[in-house]
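Student: Residue numbers (this note's numbering), protein chains in the order written: chain B, -12 to 181; chain P, 1281 to 1558.
Please keep in mind that the hints were generated in silico from the structure rather than gathered at the bench. Please read all numbers here as calculations on a predicted model, not as lab measurements. Positions of the beta carbon are idealized from the N, C-alpha and C atoms, including for glycine. Among the hints, a few may not be true.
Each computed DSSO-like pair below joins lysine-lysine, with the alpha-carbon atoms no more than 27 Å apart [as the list claims (entries may be wrong)]:
(1) B:Lys170 x B:Lys65
(2) P:Lys1524 x B:Lys180
(3) P:Lys1427 x B:Lys180
(4) P:Lys1524 x B:Lys170
DEER-style ranges, computed between Cβ atoms [as the list claims (entries may be wrong)]:
(5) B:Gln87 x P:Gly1383: 53 to 61 Å
(6) P:Asn1478 x B:Ser163: 20 to 28 Å
(7) B:Asp37 x P:Glu1434: 39 to 47 Å
(8) B:Gln66 x P:Pro1468: 49 to 57 Å
(9) P:Thr1512 x B:Thr15: 45 to 53 Å
(10) B:Lys180 x P:Pro1468: 40 to 48 Å
(11) B:Lys180 x P:Glu1492: 19 to 27 Å
(12) B:Asp138 x P:Asp1373: 46 to 54 Å
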Amino acid sequence: MTKLSLTLSISLSLSLSIGLACHAEAATVGESAPDFSLTDEAGNQVALADFIDQTVVLEWINPDCPYSRRHTVEGTMKQLAAQNDVVWLAINSTHYADQQANADWVAEHELGYRILADQNGAVGHSYAAKTTPHMMVIENGEVVYDGAIDDDPHGEKDQRVNYVDGALLQVAAGESPDPARTKPYGCSVKYAKS
Amino acid sequence: MKLRGRVAFALAALPLAVAAGPESGLDNEPDDPRPTTTVELLTDNRQVAPGGSVMLGAMLTMKPGWHTYWRHPGEAGLPTRIRAESPLVEAGDMQWPAPMEFGQPGGIAGYGYAQEVLLTLPLKIREAVPVGGMVKIPVSVDWLSCKHVCIREEMSGSVLLEIAAEPDQSTHPLFVAWAERHPHPVDPYTVQTQALGNHQWQFDVTWNKPFEAAHAFPVPGEDVFVESVATTQVKPNQSRTLLKLDPLPSASGDMEIVFSADGQPAITHTFNISETSP
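Same shape as in the complex, but just chain B:
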């Protein structure tokens, strides 16, 4: 019972629990998408404002996260980006992932879309990005979808519901996405410690 006792004694030392992430200042569905300007894997500055008349998909990515990796390997995002008339921007808010790391990932997997470096996490926080992957769809400067890429966290279902695919179809038809919010799954975004 020694190990169990050790576990219990450590849990006793925890302090009172206060808080969970506050979303008050972060973008939510129905609100304006915060502008940003970040550097892509090739060193170009990319701003959300550059795409004011286009549908924009934001994908929080981390090549070290098995869920991001799986979707890259399976081509989930690459296929969606190619099939739809949208601007697809991956954002890497991992604190240790620099421009070169993003360039390596784009090249290794012939990604076909850009990865923007957000090492200080400012853009991730402004959108309350929680997981990798975490998806946002922006239409007319407004967040219209926020959540998971699909309903299959473990990648085991024969038939998956791809929420982003559905949202883009609805946006293209002039409709509001339904669902507009789902729970994103995956690793926590590896933000820099504050």
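Let chain B serve as the given structure and place chain P on it in line with the hints.
Tutor: Using the frame of chain B, we list chain P on its own:
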């Protein structure tokens, strides 16, 4: 300790994807075959009668600094899964000790376990299984283990059970010890629930004795988002939790919340999220 109920075990866990960032130091490096977490399979009894039940356990032992997740992992992460893959048994719902809260960069809430945890899965043996033999139940366990990076790992093993007309009634002591950490329902006076309106609730929990640390772990459904949860001490033996939810219009019905305080049995409590302030 004599582990009479330990009938089979497997130590090897296979990383499905292994990666580590520059901070990793002595931790798992890219393509490092060493698992962050090892798993031992146990049963609470080595014998079971046809139609009877036995508890399958997966003891997860995590490297220092690594953690695995509770059934509701918080804002990121995924729960550990135990699966018994045999037509001879019918599995129930996994049972989880009360979790701890992780401090994840970015204020991302995470609930789960560090060091070690015994997760359990009740198995009902089918009536048709004949007495007198041994049955082998294949088991798979998969989990997400996180520290500075996250690694998805899995293991496969099996447990052996002796099918007996009158099985031994003893219970593996580890199961007894960890069951004490499972949340249990309490009488309605122990948790005073108040709907404050605007999707906010206040829970005053009266504990058996004074405490120094208390926590609350909401378990929202798919259509409910937790906006904030905060627990404070209002009396030496009373904690107060303020919970603010952000439900989708489709959300209704009961929601569970688990409370824990140091050295005392954890509590599970349900409340109706459709309630409004008086």
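Student: Hints first: check each against the structure and report whether it holds.
Tutor: To see whether the hints hold, each was checked on the structure:
| no. | hint | verdict |
| --- | --- | --- |
| 1 | B:Lys170 x B:Lys65 | holds, 22 Å |
| 2 | P:Lys1524 x B:Lys180 | holds, 25 Å |
| 3 | P:Lys1427 x B:Lys180 | holds, 13 Å |
| 4 | P:Lys1524 x B:Lys170 | holds, 17 Å |
| 5 | B:Gln87 x P:Gly1383: 53 to 61 Å | violated, 30 Å |
| 6 | P:Asn1478 x B:Ser163: 20 to 28 Å | holds, 24 Å |
| 7 | B:Asp37 x P:Glu1434: 39 to 47 Å | holds, 43 Å |
| 8 | B:Gln66 x P:Pro1468: 49 to 57 Å | holds, 53 Å |
| 9 | P:Thr1512 x B:Thr15: 45 to 53 Å | violated, 27 Å |
| 10 | B:Lys180 x P:Pro1468: 40 to 48 Å | holds, 42 Å |
| 11 | B:Lys180 x P:Glu1492: 19 to 27 Å | holds, 26 Å |
| 12 | B:Asp138 x P:Asp1373: 46 to 54 Å | violated, 21 Å |
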